[in-house]
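K.L.:
Residues per chain, in single letters:
Protein chains: 2
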Amino acid sequence: MDIDAVLKRIDDDLETSLERLFALLSIPSISTDPAYDGECRRAAQWLADDFAAMGFSAEVRDTEGKPMVLAKSDGAPVAGDDKPHILFYGHYDVQPVDPLELWTEEPFKPHLVTREDGSKMIVARGACDDKGQFMGFVEAVRAILAVEGALPAPITILIEGEEESGSPSLPGFLAAAGDELKADAAFVCDTGMWDADTPAIAMSLRGLVGEEITIRAANRDLHSGQFGGPARNPNHILAKILAALHDEDGRVTVPGFYEGVVEPAAETKANWERLGLTAEEFLGPIGLKEAAGEKDRTVLEQLWSRPTLEVNGMIGGYTGKGFKTVIPGEASAKVSFRLVGEQSPAKLREAFRAFVRERVPADCEVSFAEHGGSPAFRVAEDWPMLKKGEQALKDEWGTETAMVGMGGSIPIVHSFKHKLGMDTLMIGFALEDDNVHSPNEKYDLKCFHKGIRSWARVLAAL
Amino acid sequence: MDIDAVLKRIDDDLETSLERLFALLSIPSISTDPAYDGECRRAAQWLADDFAAMGFSAEVRDTEGKPMVLAKSDGAPVAGDDKPHILFYGHYDVQPVDPLELWTEEPFKPHLVTREDGSKMIVARGACDDKGQFMGFVEAVRAILAVEGALPAPITILIEGEEESGSPSLPGFLAAAGDELKADAAFVCDTGMWDADTPAIAMSLRGLVGEEITIRAANRDLHSGQFGGPARNPNHILAKILAALHDEDGRVTVPGFYEGVVEPAAETKANWERLGLTAEEFLGPIGLKEAAGEKDRTVLEQLWSRPTLEVNGMIGGYTGKGFKTVIPGEASAKVSFRLVGEQSPAKLREAFRAFVRERVPADCEVSFAEHGGSPAFRVAEDWPMLKKGEQALKDEWGTETAMVGMGGSIPIVHSFKHKLGMDTLMIGFALEDDNVHSPNEKYDLKCFHKGIRSWARVLAAL
Numbered sequence: 001m002d003i004d005a006v007l008k009r010i011d012d013d014l015e016t017s018l019e020r021l022f023a024l025l026s027i028p029s030i031s032t033d034p035a036y037d038g039e040c041r042r043a044a045q046w047l048a049d050d051f052a053a054m055g056f057s058a059e060v061r062d063t064e065g066k067p068m069v070l071a072k073s074d075g076a077p078v079a080g081d082d083k084p085h086i087l088f089y090g091h092y093d094v095q096p097v098d099p100l101e102l103w104t105e106e107p108f109k110p111h112l113v114t115r116e117d118g119s120k121m122i123v124a125r126g127a128c129d130d131k132g133q134f135m136g137f138v139e140a141v142r143a144i145l146a147v148e149g150a151l152p153a154p155i156t157i158l159i160e161g162e163e164e165s166g167s168p169s170l171p172g173f174l175a176a177a178g179d180e181l182k183a184d185a186a187f188v189c190d191t192g193m194w195d196a197d198t199p200a201i202a203m204s205l206r207g208l209v210g211e212e213i214t215i216r217a218a219n220r221d222l223h224s225g226q227f228g229g230p231a232r233n234p235n236h237i238l239a240k241i242l243a244a245l246h247d248e249d250g251r252v253t254v255p256g257f258y259e260g261v262v263e264p265a266a267e268t269k270a271n272w273e274r275l276g277l278t279a280e281e282f283l284g285p286i287g288l289k290e291a292a293g294e295k296d297r298t299v300l301e302q303l304w305s306r307p308t309l310e311v312n313g314m315i316g317g318y319t320g321k322g323f324k325t326v327i328p329g330e331a332s333a334k335v336s337f338r339l340v341g342e343q344s345p346a347k348l349r350e351a352f353r354a355f356v357r358e359r360v361p362a363d364c365e366v367s368f369a370e371h372g373g374s375p376a377f378r379v380a381e382d383w384p385m386l387k388k389g390e391q392a393l394k395d396e397w398g399t400e401t402a403m404v405g406m407g408g409s410i411p412i413v414h415s416f417k418h419k420l421g422m423d424t425l426m427i428g429f430a431l432e433d434d435n436v437h438s439p440n441e442k443y444d445l446k447c448f449h450k451g452i453r454s455w456a457r458v459l460a461a462l
Numbered sequence: 001m002d003i004d005a006v007l008k009r010i011d012d013d014l015e016t017s018l019e020r021l022f023a024l025l026s027i028p029s030i031s032t033d034p035a036y037d038g039e040c041r042r043a044a045q046w047l048a049d050d051f052a053a054m055g056f057s058a059e060v061r062d063t064e065g066k067p068m069v070l071a072k073s074d075g076a077p078v079a080g081d082d083k084p085h086i087l088f089y090g091h092y093d094v095q096p097v098d099p100l101e102l103w104t105e106e107p108f109k110p111h112l113v114t115r116e117d118g119s120k121m122i123v124a125r126g127a128c129d130d131k132g133q134f135m136g137f138v139e140a141v142r143a144i145l146a147v148e149g150a151l152p153a154p155i156t157i158l159i160e161g162e163e164e165s166g167s168p169s170l171p172g173f174l175a176a177a178g179d180e181l182k183a184d185a186a187f188v189c190d191t192g193m194w195d196a197d198t199p200a201i202a203m204s205l206r207g208l209v210g211e212e213i214t215i216r217a218a219n220r221d222l223h224s225g226q227f228g229g230p231a232r233n234p235n236h237i238l239a240k241i242l243a244a245l246h247d248e249d250g251r252v253t254v255p256g257f258y259e260g261v262v263e264p265a266a267e268t269k270a271n272w273e274r275l276g277l278t279a280e281e282f283l284g285p286i287g288l289k290e291a292a293g294e295k296d297r298t299v300l301e302q303l304w305s306r307p308t309l310e311v312n313g314m315i316g317g318y319t320g321k322g323f324k325t326v327i328p329g330e331a332s333a334k335v336s337f338r339l340v341g342e343q344s345p346a347k348l349r350e351a352f353r354a355f356v357r358e359r360v361p362a363d364c365e366v367s368f369a370e371h372g373g374s375p376a377f378r379v380a381e382d383w384p385m386l387k388k389g390e391q392a393l394k395d396e397w398g399t400e401t402a403m404v405g406m407g408g409s410i411p412i413v414h415s416f417k418h419k420l421g422m423d424t425l426m427i428g429f430a431l432e433d434d435n436v437h438s439p440n441e442k443y444d445l446k447c448f449h450k451g452i453r454s455w456a457r458v459l460a461a462l
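Keeping their order, the protein sequence lines are chains A and B.
So the first sequence is numbered by the UniProt record's numbering: it starts at 1 and just counts up by one.
So the second sequence is numbered by the UniProt record's numbering: it starts at 1 and just counts up by one.
Hints are computed from structural coordinates only; laboratory data are not their basis.
The structure presented is a predicted model; accordingly, all values stated were derived computationally and were not measured.
A few of these clues could be false.
As the list claims (entries may be wrong) - Below are the DSS-like pairs computed for lysine-lysine, each with C-alpha atoms no more than 30 Å apart in a straight line:
1. A:Lys295 / B:Lys240
2. B:Lys289 / A:Lys240
3. B:Lys446 / A:Lys321
4. B:Lys240 / A:Lys289
5. A:Lys240 / B:Lys347
6. A:Lys387 / A:Lys417
7. B:Lys295 / A:Lys240
8. A:Lys295 / A:Lys120
9. B:Lys109 / A:Lys321
10. B:Lys417 / B:Lys83
11. A:Lys321 / B:Lys240
12. B:Lys109 / A:Lys240
13. B:Lys394 / B:Lys446
14. B:Lys347 / B:Lys387
Could you build all of it, start to finish, from the sequences and the hints given here?
P.N.:
What follows is the structure, encoded as structure tokens:
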């Protein structure tokens with residue numbers, strides 16, 4: 001492959017690449033809120049049309065939830081049929097935008113903001129997670145086809161629409177479409193750089209279990225003067241439960257919670273030590289100083305090799321303006337666990353539910369809702385694709401590639417391993433200050449641009 | 001006074017009394033939400049017009065908050081100038097209506113619902129608290145004027161619009177208008193019956209302190225995968241604080257909380273014992289069985305002579321549909337205390353704030369907002385007006401009047417005692433199942449009707 005010609009094409013085409021990304025970013029494809037179902041479908045169709053225009057055979061595939069986009073290079077010429085078949089995965093769905101009032105511009109009106117130093121960033125919900133990231137791969141493929149007229153290897157692209165809501169339809173889809181998706185390696189672009197100058201490959205991901213609990217006490221809201229004292233207050237019950245989940249040292253107290261946790265090898269720990277990240281450096285940008293969490297663990301250990309339990313949301317009683325002296329009938333919380341090693345999502349869910357049930361008084365009720373579950377993932381350290389990726393990134397960025405763990409979850413990576421029997425190369429260009437899942441999400445134009453170039457180099461190395 | 005003629009007039013006029021009440025109930029005068037400021041003013045004006053039509057000199061008086069309605073019998077003939085001057089107090093503001101979806105009909109479209117046994121109830125927000133109750137007194141006055149042509153004693157009517165939001169403008173108004181409001185006794189109709197057949201006079205009220213706390217951690221919402229573990233979660237901090245407020249025995253743990261609590265006299269406790277209310281009887285109608293609160297206290301002690309601390313609302317993180325793996329930047333709670341005896345609102349507020357501050361990590365922030373405060377109240381047991389009220393109620397209802405305590409708060413009653421030097425006769429006709437502060441608030445038509453008749457008898461006894 002004439003990589004220099006491909007890179008020049010990428011540079012020349014940057015403006016139109018950006019126009020395509022903006023068109024996609026302007027579709028509010030929020031998967032966690034049913035009000036946006038139609039927008040999710042619109043995003044899927046937009047992508048299928050774009051992939052078809054590149055010569056792929058592309059389809060929107062219905063599921064019980066949001067549709068999948070599946071595109072195969074059947075229709076596009078492939079130069080290297082003997083090369084490893086690649087399955088690229090991304091997700092077109094995005095996080096909700098609340099609190100909307102903290103956005104400086106509308107979240108679905110993508111635009112460029114220029115910093116004082118002249119560098120630019122793309123601002124919109126999904127700019128980084130994951131539209132900006134996966135479109136980097138797509139633009140690399142487009143440039144290669146434009147210059148070479150053929151792909152270096154067979155490529156299948158799968159873009160799902162439920163990643164932000166726990167990918168409920170994915171297991172069924174993989175089971176049904178397994179043979180169609182079979183490949184030699186998966187590529188995913190949904191992770192981050194080590195810092196603004198240092199690219200990274202993610203070797204591990206934490207798993208994720210989502211649970212919602214609702215405590216019901218009285219059969220109606222009560223006046224706290226008429227009933228305050230003798231009547232159970234579900235806010236109190238819920239607060240006691242949530243408070244009991246962590247001990248004084250930041251450890252999770254749910255019995256059996258740490259079962260299956262694997263301690264990283266000494267060498268891995270030493271590598272992390274060398275990255276030299278202090279709690280102050282990690283927490284400074286978000287306005288904090290002291291590490292919370294397990295007292296005897298470094299920040300990187302906590303993020304990459306330790307499980308956590310976080311209360312992502314809680315609500316009960318009157319939360320509007322002013323005051324209402326009410327004892328509510330119910331209170332609820334959304335809780336998630338991040339899993340590592342061999343921890344079992346099903347076992348943890350049951351242990352958590354037992355922990356909660358034990359703390360609900362006999363005359364009150366508790367109900368649970370499940371919000372997805374996936375175990376943790378770790379790639380084999382001697383996988384040849386890792387070396388190729390490491391070198392391609394080094395060539396593009398001119399610096400050593402950091403081989404890191406990831407605190408977040410990409411459920412499909414585990415499915416690729418266990419259902420389709422392949423490892424995943426996780427390369428991504430997100431920066432720590434991208435405000436992923438927060439107001440004013442952004443993606444550096446440099447990350448988008450060099451991300452495209454990086455993927456072209458990875459594909460050239462096949 | 002020809003009480004029989006007055007009572008007949010009340011019976012004959014019931015339908016038009018109800019029409020007037022419905023007109024008032026259809027005004028959504030919610031004081032805790034600034035969006036309803038205009039509706040509060042409209043309710044005030046409606047009342048001033050109605051009082052003026054009865055011959056009172058009536059005005060809407062502006063305050064820094066919601067306007068007051070002040071009506072004096074200057075303009076209406078008074079038969080008994082030597083009789084004790086009465087100040088009647090009520091409030092035209094109502095509670096918010098959320099959760100709106102639990103109302104079977106629109107809260108501000110008042111209507112009658114007929115039960116299977118033929119009895120009727122008035123359903124609307126404010127039907128009982130306090131529009132239906134105070135209009136009972138107003139209709140009694142109207143009937144007396146129609147039949148007798150004169151009032152039995154000078155009467156001043158004060159209807160405020162901020163009772164549900166802690167009456168912030170009331171102290172200033174009382175200080176400024178003190179002489180105008182001076183009277184020999186205050187009447188208030190905002191309390192309840194002992195049961196559907198037994199009238200009650202309230203001898204004591206609990207005080208109320210409202211506090212709102214907001215915990216701020218990171219300067220933005222965080223992705224729980226990228227930051228979960230090392231980053232503080234304000235939901236966890238808030239849950240720990242709220243959980244620590246009560247011990248295992250239901251006692252409040254804030255240091256100094258029980259300072260100023262007065263143990264009721266043995267005779268009073270014996271009276272309450274005789275009323276024979278079990279926890280099962282009290283909690284059954286709201287779907288509960290076991291008394292929460294202080295373990296070593298009966299239900300009536302808890303409600304009438306013990307202070308409480310309730311979390312009326314709490315919120316943090318993502319609480320919409322679905323799931324969002326976020327660590328929020330802040331979390332907040334609304335907390336209220338019910339006071340008894342000599343407990344000091346200011347001291348309790350400070351003790352609570354100190355308790356909270358102690359539990360907020362050094363790199364996080366806490367802020368407080370004050371939502372009103374009033375001490376508890378107790379009427380002198382030998383006040384002659386009590387005997388008159390007791391007899392009038394016995395005459396109307398044909399049964400002994402229960403002399404009770406009240407768990408709720410009516411801040412103005414304390415102000416009447418300490419600022420204007422008079423005691424308050426608290427008679428009310430609310431029933432336990434009136435859904436006060438809850439969806440589907442109602443007021444029995446019988447309570448409205450016999451409430452008017454009861455007040456006519458009380459006025460006749462002057």
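K.L.:
Which numbered conditions among the earlier hints are violated in the structure presented, ordered from lowest to highest?
P.N.:
3, 8, 12, 14
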